[in-house]
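K.L.:
Sequence:
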Amino acid sequence: MLQIRLLGPVKVWAADRLLDAGSPRQRAVLAVLAMEAGQPVPLESIADDVWDGTAPAAQTVYVHISRIRRMLRKAGGSDHRPPTVLRPAGGYQLDIDPEQVDVHRFQRLVDQANRPELAEGERAQLLHDALDLWQGTPLSDLQGAWADRMRWVWHRKRLDAMIGLAQAEVRLGNAAAVVGPLTDLIAEHPLVEPLAAVLMQALHGSGRTAEALDRYALTRTLLAESLGINPGQELQRLHEALLRGELEQPSVPPARPRRLVPAQLPAGVRAFTGRETELAELDRRVFDAESAPKAVVISAIEGTAGVGKTALALHWAHRVAHRFPDGQLYVDLRGYDPDLPMTAADALAQFLLALDVAQADIPIDVDARAARYRTEVVGRRMLIVIDNAASAEQIRPLLPGAPSCAVVVTSRDRLAGLVVKDGARRLDLDLLPAADAYTLLRTLIGSRVGDDPVAAGTLATQCARLPLALRVAAELAVTRPDSTLAELVTELADQQHRLSLLQVGDDPYTTVGAVFGWSLRHLSEDVADIFRLLGLHPGPVTDAYTVAALADVDPERARKALNQLAQVHLVHRIDADRYGMHDLLRAYATSLIGADELSAHRRAAQQRLFGYCLAATTAAMNRLYPADSHGRLAVPETGAAVPALDDSGAARRWLDAERCNLVAISGQTGAAGWAEHTMRLSVILYRYLAGGLPTDAAVLHGHARDAARRLGDLAGEAQALLGLGGADIQLSQYASAAARFERSCELFRQVHDSIGEARALANLGAAQARLGDLIHSVRNHAQALEAFRRLGDRTGEARALISLSVAERQNGDYDLCAHHIRQALELHRQADNQSGIAFALTNLGTVETHLGELGLAAEHLRHGLDLFRKIGNQQGMAYALDRLGIVHTQSDDSDLAVQHHERALELFRQSGDRHGQALALNGLGEAALQSGNAPDALTHHKAALAVATSVGDMDQQARAHAGVDSAQDGPGDLTGT
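Using the working numbering, read the sequence shown as starting at 136 and increasing by one per residue.
Bear in mind the hints are in silico, worked out from the structure with no lab data behind them. This structure is a prediction, so every number in the text was calculated from the model and none was measured. Hints are not guaranteed to be accurate.
To be verified - Below, a list of computed lysine to aspartate or glutamate pairs in the EDC-like style, where the Cα atoms sit at most 20 Å apart:
(1) K1005 - D948
(2) K1005 - E988
(3) K695 - E772
(4) K146 - E171
(5) K146 - E234
(6) K146 - D276
(7) K1077 - E1041
(8) K146 - E179
(9) K292 - E328
(10) K695 - D710
(11) K695 - D712
(12) K1005 - D782
(13) K292 - D267
(14) K292 - D349
(15) K146 - D267
(16) K1077 - D1090
(17) K1077 - D1100
(18) K695 - D661
(19) K292 - E234
(20) K1077 - D1104
(21) K292 - E171
(22) K209 - D246
(23) K1005 - D763
(24) K1077 - D496
To be verified - Estimated spans, in silico, between C-beta atoms of each pair:
(25) A769 - G907: 40 to 46 Å
(26) E691 - A792: 17 to 23 Å
(27) K1077 - E375: 21 to 27 Å
(28) K1005 - T478: 35 to 41 Å
(29) L846 - T478: 22 to 28 Å
(30) P761 - A917: 23 to 29 Å
Note that the Cβ used here is the ideal one computed from N, Cα and C, for glycine as well.
Produce the entire structure from the sequences given, and follow the hints as far as they go.
P.N.:
Right, here's the structure in full:
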C-alpha cells in the first residue's frame, strides 16, 4: 500500500520502494494536497501555500499535478482504488485514504488515546504508536511560510502527545522511566506548564520529591523573568500538594476489557465529485454538536433513486471515520428492493453480532434486540450509517440512545415521522449541479468531454444529472472510443420519447431509463435478455451458473454476459465469480420482464432458476453429507449445469457462498406458487443448517412451514418443524424445541411416516436431555432406536444410538453408554460416514474419560478433531477440543487444558452455542482448580452457572454448582462432563 510521509522529509513509499517525489515545488504541492487528503483544495490555496502568495500560471500548477499523477500511477500495487489527483471544480483533490498519510494516522491515534474511558495501558500504547510515526522535523525539506506554519502546528501536536504519554506512564507506575526524556524535553520548552507539571509528578513518583519542588521554583522564576507572570493555578495546586505530602503515589487503574471495534463501511465510489456544500453541512451538524451533546445527531439524506445518497454518505463517513474511534456500523436495509427489504430485527441482529454479542445472546423480540443494541453502544463514540431505508418505522429501532453516537440515514422517502418524533434533520440531495456533472463526465471519459463541451452538457442533461446514470453513460462512451459525444447524444435523443420507464409526473426516471435502455441497445440481444432476467433473481448476488439456468444458456456464455454487463455498469463484480446489482437497476430489469406479453417467459425462467437451486443444493449436500443421500427425494431433471464440487470442502464453500440466496429463494418460492420447492429446500438443507446456522435455519424452515400450511401438507409441516426445533436447540431454546418436536411427531404419525416419527422422537429426546428430563429422554431415544432398526435405516440407527448414549452418560451409566457408541461407530464406518465417525469418536472419548481410560480417550478425541477439521465442522471441533481439555485436566496438564477450553469457548461463542459455552467455562474452572488457582476457578464456574441457568441446562448447572463448592473448599476430585 502506498504511504505518504510528512512527519520528516516528504517521502512517498510504495510497499518497500521509495519513489522519486520530484522537485521541491512538486513535493510541496503533494504535501499541501496530502495535508487535506480526500478533500478538495482550491487552486488559490495551493498557489498561496507553495508559492508564498506569488501566483504562478495555472499551467505551472498543472505540470506539477500531472507529474504527481504519473508518480502515483507508477506506484502500482494491489490497492482496490489506487490514489490519484482529482479535479473538482476550482481546485484539486488527492483521492487517497487518509490512513495512508502519516499526519492523519498520527491524529487518529492521538484522538483515540484521548478518550477518557480508555485504560491507561491502551492509552500509552496508542501514543507510543503515534509518536513512532515521526521521522524528524515535519516537511524538513520544504521552505516557505506555509511549511514553517505546518511545522509549528505539528511540533505542538507532538509535544501534547508526549505530555499525554508521560502522564499515562506516571499513572501506570513507570514514573522513573520518563524522568530523563521529560528533562530533555523541558530544556527545549521551559515555559510549558503542563510539561513542568508532569515532570514534577514523575520526580515525585520516583522518590525525588525535593527535585520536584526545585523544578517548580525554576519554572516560577523563568515565567516571571520571561513573561512577567506567575505559574497557573494547576501548577500551584500541585506544588502545594507536594509541600503538604498530600500527593499520593500513582497506582495502576484496572484495565478495562478490550471491546471489538467494528469497521463496516463499504468502499466509497471512485472519482467522487462535488457535494462540497452537503459534506460541509454534515460536518457542521455532527461536530458542532460535540461540545454539549444532548441527543443523538440524526442526519437523513433524502433524494431520488440514483442521485448519489449512498455515495455521499459513504464518502463523508470514510472522511470522518477517525473521529469515531469506537467504530462504524453499516447496514443496507434494501427498503426499495422488490423482494428482500430487511427488517429492523434482522438489521439489529447484524449490529449486535458486529458488536461482539454472541448469536445466542441476541433476543428474539425486536424491542428486546433494540434495547440490547442501545445498551451495547452506551459510552461509545460510534458512527451508524443506515442505507436505503423505506420508512421511519424501519429505522427507529436502529437508533442508539447514546448522544456520543451519530447516525446518517439515506432514503427516497421524506421520513417525516423521523423528523417530527426523533429529531432527525433532513439533507435534501438534489441532482448534481451542471458543473459537477460535467466534471464527473470529464473525469470518467477523458479528453473527448473537453473537445465537445456542448455535447457533454447535453449528455449530462439526458442523464438527469444523476450520478448513477452519468457513470453508466460514461462507461458506454469509453467503450466506443471512435464515436464522438455528439453521435452518442443523438442516439440517446432518438429513443428519449419511446421510453417512459418509472415515470411519475416530472420524475427524472424517464431519462434514466433511456440511458439504461441505450446501454442495452448496444449489447447483443441475448445479453440484454439476461439483464432483464436478472430482475427475477431475489438474492443479493449471482454467478454464471445461476444466470445460465435463468437464461437457458451454458455457464460460459452466462459468464461472458455478466462480464459484458459489468463493463457497462449494469452489474458490479463482488469477487472473481459473483456479481451484484444496484437496486435502481434491479427495479428497471424487473419492470422490463414484468410486461404481460412476457409472463410466460418470466415463469419459465423462474422454473429453471428454482429447479437449478434444488439440483445444485442436492449435489452439494450429497458431496458434503453422503450418508444422508438415500433419504433425499430425487430432484427432477432440469438440464441446467451445476458447479463441479470435487470434494466436501468445495461443497461447503458453495453452500456458504449461496446461503443468502437460498434463504431468499425459499421465501420467493413460497410466496410465488412454488411451495413444493420451498419445502424441498428445507429438507435438503436440514443437515447443513443444523451445523451452527440457527438464524438462517429459522428463516428457511419457517418459510417451509408456512408453505406447507398453505397447501395443507402435514408431512411437509412436520419436516419443517424438525428444522425449526433444531434451530431452537442451537439457540438453547430447549422448551420451544421440545414443543416443536412433539408437534412434528404427531404430524408424522398422522401421515404414517414411521421414519419421520422416529427422527422427531430422537430429537425430542435430545431436547429433553438438555432440560434434565432424562427419564423421558431415554424412553424416546429407545423408541426411536427400535423404529430405525425395524425399518432398516442404518444411519438413523447410528444417530439414535449416539443420542441415547448422551442421555445414558448424563445418567451415569457409562458402560452401557460406551457399548452403544461403539455400535454406532461401527455402523458409521460401514457407511463411510465421516461426519458420523467424528461424532462417535468424540462421544466415545468423552465416556472413556469418565471411565478413567485417559490414553484411549485422548486418541479417540484427537482422531475426531482431525475429522471435524477435514470436513469443516466448527461446532464438532469445539466439542472435541472441550473434551480434550478435560482429558488434559485429569492428566495434570492444566496449561494445555486451558488452551483447549479457551479455543473451544471461542468457537462456541462464534456459533452462539450457549450449552457449549457452559461446557467450556466449566472446563476452564476445573483446569484452574487443578492448578491451584481457586479464584479463577470460582470466576469461570460462576460464569458457566449464569449461562447454563439462562438456557435451562440442568446438567451444566449442577456441574457449575459443584465447581463453585470445590473452588470455595479447595482442590478436589474433578471428573468433568
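K.L.:
Output the indices of the hints that this structure fails to meet, ascending.
P.N.:
Hints 1, 2, 3, 8, 14, 22 and 27 contradicted; others consistent.
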